[in-house]
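Just so you know, the sequences run in chain order A and B. Just so we're aligned: 113 in the working numbering is position 113 of the first sequence, and the numbers increase by one with no gaps anywhere. To get the working numbering, take the position in the second sequence, counting from 1, and add 1000.
Because the hints were derived from the structure by calculation, they are not lab data. Misleading hints may appear alongside valid ones.
[To be verified] The calculated BS3-like cross-link candidates involving lysine-lysine, where the alpha carbons are at most 27 Å apart (straight line), are:
1. B/K1063 with A/K72
2. A/K72 with B/K1138
3. B/K1009 with B/K1075
4. B/K1019 with B/K1138
5. B/K1138 with B/K1063
6. B/K1168 with B/K1019
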Amino acid sequence: MILGMIGAFFSSLCYSLVLKVPRCYVFSASCNAALSWGIFLIVSRYINLIPAYFISGCYLTFVVQCLARIHKVPITVMLLPSIVPFVPGADIYKCIFYLVEGDLQLSMNYFTSMFVVAGMLGLGGLSIDVILDLILKKERRYRNG
Amino acid sequence: MKIKDGEKKGLELAMLAGKILCEANAEAYRVEDTVEYILVAAGFSNINVLTQSSEIIVSVKTKTGEHITRMVRVKSHEDDLSKLILINQISRNVFENDITVEAAYHETRKIDEAFSRPNLSSYVGLSCLGAAFVFVFKGSIMECIGVFLVGIVYAGLVFLNQSLGIHKICFYSIASMIVAILCSAISIYAQQYQLVLQIDRMITSSIMPIVPGLSFTNAIRDIMRHDNVSGLFKLQESFLIAASIALGVGFGLTISGYFK
Chain A
1 MILGMIGAFF
11 SSLCYSLVLK
21 VPRCYVFSAS
31 CNAALSWGIF
41 LIVSRYINLI
51 PAYFISGCYL
61 TFVVQCLARI
71 HKVPITVMLL
81 PSIVPFVPGA
91 DIYKCIFYLV
101 EGDLQLSMNY
111 FTSMFVVAGM
121 LGLGGLSIDV
131 ILDLILKKER
141 RYRNG
Chain B
1001 MKIKDGEKKG
1011 LELAMLAGKI
1021 LCEANAEAYR
1031 VEDTVEYILV
1041 AAGFSNINVL
1051 TQSSEIIVSV
1061 KTKTGEHITR
1071 MVRVKSHEDD
1081 LSKLILINQI
1091 SRNVFENDIT
1101 VEAAYHETRK
1111 IDEAFSRPNL
1121 SSYVGLSCLG
1131 AAFVFVFKGS
1141 IMECIGVFLV
1151 GIVYAGLVFL
1161 NQSLGIHKIC
1171 FYSIASMIVA
1181 ILCSAISIYA
1191 QQYQLVLQID
1201 RMITSSIMPI
1211 VPGLSFTNAI
1221 RDIMRHDNVS
1231 GLFKLQESFL
1241 IAASIALGVG
1251 FGLTISGYFK
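Go ahead and model the full structure; you've got the sequences and the hints to work with.
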């Protein structure tokens, strides 16, 4: 598990280098990625994979919102590096790969899994956003027209 | 049409900032918000902004009561979060009247002209990314070393493509084919020393820099925020890239099958 967390940390760090995130934000985003991956690994031992993704997505987005408010940067800058270990990249590739090979059963398997992972991460993020909006009562500072 | 000079600059600033954000692969709602903030600060009313990942359309009403519509076509996309931070800062400053529209326009022009090519640290990131992902997929240290070697080759290919400029999809196909051949070569070579390296895991980790996982997740997030068009656009783009990678890997595995 520790090795997995180290891997998550470094993968997030490398991806933030590729995305050209300024140096001062890289470390906190990578730590967030490693911690959320650790939480996912622990939670997925006890419950099903789908709620595990949801829970870690919630945790991840909550920390990202806090970090973005502390550092005063757009949420994307923190979110993209943090979400890297969870991203269903391997599933997308395998889905198409088995489709090309002619194994429809496995292809459908990965197809559903990638939608479930991405959907659960998105849903977790969305629910945290909605709750934070409700608590902070965010009002738009201007109106149209 | 009579537009005041200040208003004209404000509109130009908003369009340029939106274009830079779109090119840096920002989400649709962020582009729309930023353009709207700048236009409000420039004194327009009745503002409507529509952003899809390849174009921005803005319709505003000037102080004299005339309606103007402008459109920008965005052609190239390159992930660059540092530009996003800079533009965000500028739009916030303009909205709070900390700098004039004129000064902000000059700064934005500077950001637009700044080189958007990968620098040294992004090459380091590209070559180490796959090696780090081996541990996420519960691999061993030896596999990590093998994937790191492949990652260096991939970073070299990206560097080569900067001058060659092959079409993106075609480049991904070729790169993943080379990656697949290298991975199977490494695992065959390691077998001579009684090392068992899982070729499947090695390939999956080393194509991680190419695979569009992030844009797929972003697409789902966009769709959940009712930005349907840009979400679907990203969705189909990520499927296209995945298809090109799968084709390349399949081809590479077939080729390397002959050498066994």
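Each hint tested on the structure:
Proximity of B/K1063 to A/K72 is assessed by CA-CA distance (about 33 Å); at most 27 Å being required, the pair is judged violated. For the proposed pair A/K72 and B/K1138, the alpha carbon gap of about 35 Å is over 27 Å, so the pair is violated. At most 27 Å may separate the alpha-carbon atoms for a hinted pair to count; B/K1009 and B/K1075 meet this at roughly 23 Å. For a cut-off of 27 Å, the pair hint linking B/K1019 to B/K1138 is broken: about 41 Å separates their Cα positions.
Between B/K1138 and B/K1063 the CA atoms are separated by roughly 62 Å; this puts the pair beyond 27 Å, and the hint is violated. With a C-alpha separation of about 21 Å, the suggested pair B/K1168 and B/K1019 falls inside the 27 Å cut-off, and the hint holds.
Hints 1, 2, 4, 5 from the list above are not met by this structure, while the remaining hints are.
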